Structure formats: C-alpha cells, structure tokens
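J.: Below are the chains, spelled out letter by letter.
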Amino acid sequence: GESVGLHLPTLSVQEGDNSIINCAYSNSASDYFIWYKQESGKGPQFIIDIRSNMDKRQGQRVTVLLNKTVKHLSLQIAATQPGDSAVYFCAERPNTNAGKSTFGDGTTLTVKP
Amino acid sequence: DAGVTQSPTHLIKTRGQQVTLRCSPKSGHDTVSWYQQALGQGPQFIFQYYEEEERQRGNFPDRFSGHQFPNYSSELNVNALLLGDSALYLCASSLRSSSTDTQYFGPGTRLTVL
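Going down the list, the protein sequences come from chains Z and G.
As numbered in this note's numbering, residues 1 to 113 make up the first sequence, in order.
As numbered in this note's numbering, residues 1001 to 1114 make up the second sequence, in order.
Because the hints were derived from the structure by calculation, they are not lab data.
Warning: the hint list may mix true and false statements.
The following residues of chain G were derived to be distant from chain Z, with all beta-carbon distances above 12 Å [what the hints assert, rightly or not]:
1) Gln-1017
2) Arg-1063
3) Ser-1065
4) His-1067
5) Leu-1082
6) Leu-1088
7) Leu-1090
In the SDA-like style, the derived pairs of lysine to any residue whose C-alpha atoms are separated by at most 25 Å in a straight line are [claimed, not checked]:
8) Z:Lys-100 to G:Lys-1026
9) G:Lys-1026 to Z:Gln-45
10) Z:Lys-42 to G:Leu-1088
11) Z:Lys-100 to G:Pro-1107
12) G:Lys-1026 to Z:Lys-56
13) Z:Lys-100 to G:Ala-1038
14) Z:Lys-100 to G:Arg-1015
15) Z:Lys-56 to G:Arg-1022
16) G:Lys-1026 to Z:Lys-112
17) Z:Lys-100 to G:Ser-1098
18) Z:Lys-42 to G:Lys-1026
19) Z:Lys-68 to G:Gln-1018
20) Z:Lys-100 to G:Leu-1114
21) Z:Lys-56 to G:Arg-1057
22) Z:Lys-100 to G:Leu-1095
23) Z:Lys-68 to G:Ser-1027
24) Z:Lys-42 to G:Arg-1057
25) Z:Lys-56 to G:Thr-1102
26) Z:Lys-100 to G:Thr-1009
27) Z:Lys-100 to G:Glu-1051
28) G:Lys-1026 to Z:Pro-94
29) Z:Lys-71 to G:Ser-1099
30) Z:Lys-100 to G:Gly-1003
31) Z:Lys-42 to G:Ser-1027
32) Z:Lys-100 to G:Thr-1014
33) Z:Lys-42 to G:Ser-1007
34) Z:Lys-42 to G:Gly-1003
35) Z:Lys-100 to G:Gly-1016
36) Z:Lys-68 to G:Ala-1038
37) Z:Lys-56 to G:His-1067
38) Z:Lys-71 to G:Gly-1058
39) Z:Lys-42 to G:Arg-1022
40) Z:Lys-100 to G:Arg-1057
Nothing here was measured: the structure is a model prediction, and the numbers come from that model.
Don't be surprised by glycine CBs; every beta carbon is placed ideally from N, CA and C.
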C-alpha cells in the first residue's frame, strides 16, 4: 500500500539558520505533493505544493524539492524563525484533483532563540 | 472571509454512544473532506463529499458516515463509539474546479471516548 514517511520525527535548529525537513514516499504513481504546517491546537495549514512534473518550487522563505528517482521530497525553510516551530507533514495525492491526501507522521521543528 | 469552522471544539463520549461533528467550509468552497488524526500521527482520510454525495472513502468502517447539505456544510457521524475513535477530527474544504483542489483545514474537533 501507499505510505508517506518523514525521515526524522524531530528537528531542532537555531533561529536564523536554514531548516531542511525530509520526506520519503512509496507510491511512484503519486502526482501531487503538499507540505502542511500544524501548530498546537490547530488544523494543518497549507505551506506549498509541487506537481510531479516539477523538481523545485519556491515560495516565501520556503522551497520544496522533489526527487522522483528516489521518491524523496524535502522542505527547506530559510532563516528559520520561532514562529516556524510546529509539526510539518508531507502529503501526497495521485493527482491534483483527487480528494484523498495521504499524510506522513510529521516532523516536529523546534526553533531555539 | 471566514475560514473552515468546526463544532464542537471538544467532545467527551462513552463507548457505544453516537456522535455528530459539524463543518462549515471556507467561503466559495464546494467540497468537504474529513480526516481522523490520532495523537502523534498524521491525518488519515475518512471520506469526501461533493454535490451532497460521498465521492471517495478511506479505510474506515461503516460506523463512520457523513452528509453534505445544499449549503456545502457537512456532518460526520460515528456510531457505536470505541475507545480507539478518540482523536482529532479534521474537516478540510476545497473548490473542486480549481487547478489543484487545495484543501484548507479547520481547527478540528477533539473527541474523547471513555
């Protein structure tokens, strides 16, 4: 079956440093990938997405990289701030218009001042 | 512009009881998906509603059922509650016709089954 997993359950970085959160997926048919941020007591918040026909996409302070050869996805956060502390999930869908998103178990990012 | 709202925020039930959770989608959205998130895990897809019909379903038993109303709001019903149903239940809304069908999540309903 399909599964999405993150390499590390926790990540601690110093404020101002760059953060890299990794994710491995198993379904080679996945066509669409999303990163979510979940703060305590809140629902997941959309950060950035990428389609399988791309290998890189940039947003504000965030970059997502997709390596389909090794089925690996990463989220890079530049100049990490205390407000970035949260649990980060990667999710995959078979295509952009399929409702079911399959989530990994998340990486907890802690930013030290 | 109101985002996705869910009610109630918290709920405590006992085994065997039934529960109904409610969701109002983000303004302009027509599709509602429900997820179950156990403590320390990622959300698991329960089902999705569009045009008042269940369109997709995850690996959940028939005890989990739902409904979508003409105003796009939705309910999740769980019958014969088990201890293992204790979780955060998340509602996500999206616009079916959009290019990526991005899902926006509500704050969730925390269900505790005793």
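J.: Against this structure, judge whether each hint is valid.
T.: Against the structure, the hints:
1. At roughly 25 Å from the closest C-beta of chain Z, the C-beta of G:Gln-1017 stays outside 12 Å, upholding its exclusion from the interface.
2. G:Arg-1063, annotated as away from the interface, keeps every beta carbon of chain Z farther than 12 Å; the closest lies near 19 Å.
3. No beta-carbon of chain Z is positioned within 12 Å of the beta-carbon of G:Ser-1065; the least distance is around 17 Å.
4. Against chain Z, the non-interface label of G:His-1067 holds: every CB pair exceeds 12 Å, the least being about 16 Å.
5. Listed as a non-interface residue, G:Leu-1082 keeps its Cβ farther than 12 Å from every Cβ of chain Z; the least gap is roughly 22 Å.
6. For G:Leu-1088, the shortest C-beta to C-beta distance to chain Z comes to about 8 Å, within the 12 Å cut-off, and the non-interface label is violated.
7. A beta-carbon of chain Z comes within 12 Å of the beta-carbon of G:Leu-1090; the shortest separation is about 5 Å.
8. Simply put, Z:Lys-100 and G:Lys-1026 have alpha-carbon atoms about 18 Å apart, close enough for the 25 Å limit, and the pair holds.
9. Proximity of G:Lys-1026 to Z:Gln-45 is assessed by CA-CA distance (about 13 Å); at most 25 Å being required, the pair is judged to hold.
10. Among the hinted pairs, Z:Lys-42 with G:Leu-1088 is consistent with the structure: their alpha-carbon atoms are about 10 Å apart, no more than 25 Å.
11. Restraint check for Z:Lys-100 and G:Pro-1107: the C-alpha separation of about 19 Å stays at or below 25 Å, so the hint holds.
12. With a CA separation close to 29 Å, the supplied pair G:Lys-1026 and Z:Lys-56 exceeds the 25 Å bound.
13. Proposed proximity of Z:Lys-100 and G:Ala-1038 is supported: the alpha carbons are some 17 Å apart, at most 25 Å.
14. Taking the CA atoms of Z:Lys-100 and G:Arg-1015, the gap is about 28 Å. The hint is violated against a cut of 25 Å.
15. Pair hint Z:Lys-56 plus G:Arg-1022 does not hold up; C-alpha atoms about 37 Å apart against a cutoff of 25 Å.
16. A distance of roughly 34 Å separates the Cα atoms of G:Lys-1026 and Z:Lys-112; the hinted pair therefore is violated under the 25 Å criterion.
17. Pair hint Z:Lys-100 plus G:Ser-1098 holds up; C-alpha atoms about 16 Å apart against a cutoff of 25 Å.
18. Between Z:Lys-42 and G:Lys-1026, the direct Cα distance comes to roughly 16 Å. Compliance with the 25 Å bound is thereby established for this hinted pair.
19. Of the supplied pair hints, the one linking Z:Lys-68 and G:Gln-1018 is violated, its CA atoms being roughly 44 Å apart against a limit of 25 Å.
20. Taking the CA atoms of Z:Lys-100 and G:Leu-1114, the gap is near 30 Å; set against the 25 Å cutoff, the hint is violated.
21. Taking the CA atoms of Z:Lys-56 and G:Arg-1057, the gap is about 31 Å. The hint is violated against a cut of 25 Å.
22. As the CA atoms of Z:Lys-100 and G:Leu-1095 are separated by approximately 14 Å, the hinted pair is consistent with the 25 Å bound.
23. For the hint pairing Z:Lys-68 with G:Ser-1027, the CA-to-CA distance comes to about 35 Å; that exceeds 25 Å, so the pair is violated.
24. A threshold of 25 Å between alpha carbons decides the hint, and for Z:Lys-42 with G:Arg-1057 the separation of about 24 Å falls inside it, so the pair holds.
25. Between Z:Lys-56 and G:Thr-1102 the CA atoms are separated by roughly 18 Å; this keeps the pair inside 25 Å, and the hint holds.
26. With a C-alpha separation of about 24 Å, the suggested pairing of Z:Lys-100 with G:Thr-1009 holds against the 25 Å cut-off.
27. Distance restraint check for Z:Lys-100 and G:Glu-1051: the Cα-Cα separation of roughly 17 Å lies within the 25 Å cut-off, and the hinted pair is therefore satisfied.
28. Under the criterion of a C-alpha separation no larger than 25 Å, the hint pairing G:Lys-1026 with Z:Pro-94 is consistent with the structure, at around 24 Å.
29. Using a Cα cut-off of 25 Å, the hinted pair Z:Lys-71 and G:Ser-1099 holds, with the two alpha carbons roughly 23 Å apart.
30. With a C-alpha separation of about 20 Å, the suggested pairing of Z:Lys-100 with G:Gly-1003 holds against the 25 Å cut-off.
31. Straight-line distance between C-alpha atoms of Z:Lys-42 and G:Ser-1027 comes to about 19 Å, which keeps the hinted pair within the 25 Å bound.
32. For the given pair, Z:Lys-100 sits about 30 Å from G:Thr-1014 by alpha-carbon distance, which is inconsistent with the 25 Å threshold.
33. Annotation: proposed proximity of Z:Lys-42 to G:Ser-1007 holds, straight-line Cα distance about 13 Å (limit 25 Å).
34. Only pairs whose Cα atoms come within 25 Å are accepted, and Z:Lys-42 paired with G:Gly-1003 is accepted, the gap being roughly 13 Å.
35. Of the supplied pair hints, the one linking Z:Lys-100 and G:Gly-1016 is violated, its CA atoms being roughly 28 Å apart against a limit of 25 Å.
36. For the hint linking Z:Lys-68 to G:Ala-1038, the alpha-carbon distance of about 29 Å lies beyond 25 Å, and the restraint is violated.
37. Between Z:Lys-56 and G:His-1067, the direct Cα distance comes to roughly 38 Å. Violation of the 25 Å bound is thereby established for this hinted pair.
38. Only pairs whose Cα atoms come within 25 Å are accepted, and Z:Lys-71 paired with G:Gly-1058 is accepted, the gap being roughly 23 Å.
39. Restraint check: the Cα-Cα separation between Z:Lys-42 and G:Arg-1022 comes to about 16 Å, which is no more than 25 Å; the hinted pair holds.
40. A hinted pair counts as satisfied when its Cα atoms are at most 25 Å apart, and Z:Lys-100 with G:Arg-1057 qualifies at roughly 8 Å.
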